[in-house]
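Asker: Let the hints inform the model, and build the full structure from the sequences given.
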Amino acid sequence: MKYSSGIVFPSLYEGFGIPVLESIAFNKKILISKGTVCEEIAGEFGISVDGNCVESISMGYLLLQNQKPKTKHSNHKSNLYFDCSSIGNQLQECLFGPD
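End of the sequence shown = 101 in the working numbering, gap-free, step of one.
Treat the hints with caution; some may be incorrect.
Claimed, not checked - Once the Cα atoms are required to be at most 25 Å apart in a straight line, the calculated DSS-like pairs of lysine-lysine come out as:
{"hint": "1", "residue 1": "K70", "residue 2": "K30"}
{"hint": "2", "residue 1": "K4", "residue 2": "K70"}
{"hint": "3", "residue 1": "K30", "residue 2": "K4"}
{"hint": "4", "residue 1": "K36", "residue 2": "K70"}
Hint data in this document are derived by calculation from the structure and do not stem from the laboratory. Remember, predicted model here, so these are calculated numbers, not experimental data.
Answerer: Here it is in structure tokens:
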């Protein structure tokens, strides 16, 4: 992933969006399907396409190749919600209750 131009992930059924988070961690653009959780997580850093339309995916791929990230993903709002420490704390609270 380090040397890629971006990630192509037009999944219609992704349940959480781990590939989106990985692309953010590597400061890569990501091609995602409209109307999925991936679109919500990626926000302005994702390139949203119709995952059922080959032409839409093709056009999105061209955008992915030609666009550079607007800013470092380290400033992206998802970093506030999806860091390992907060996820670990939330999981622990879910399993064992609050401290």
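Asker: Now, for every hint given, state plainly whether the structure supports it.
Answerer: Status of each hint after checking the structure:
In summary, the hint linking K70 to K30 is supported, as the alpha carbons are separated by about 8 Å, within the 25 Å threshold. The suggested pairing of K4 with K70 holds, with an alpha-carbon distance near 15 Å, which does not exceed 25 Å. Restraint check for K30 and K4: satisfied, since their Cα atoms lie roughly 9 Å apart, inside the 25 Å limit. A threshold of 25 Å between alpha carbons decides the hint, and for K36 with K70 the separation of about 20 Å falls inside it, so the pair holds.
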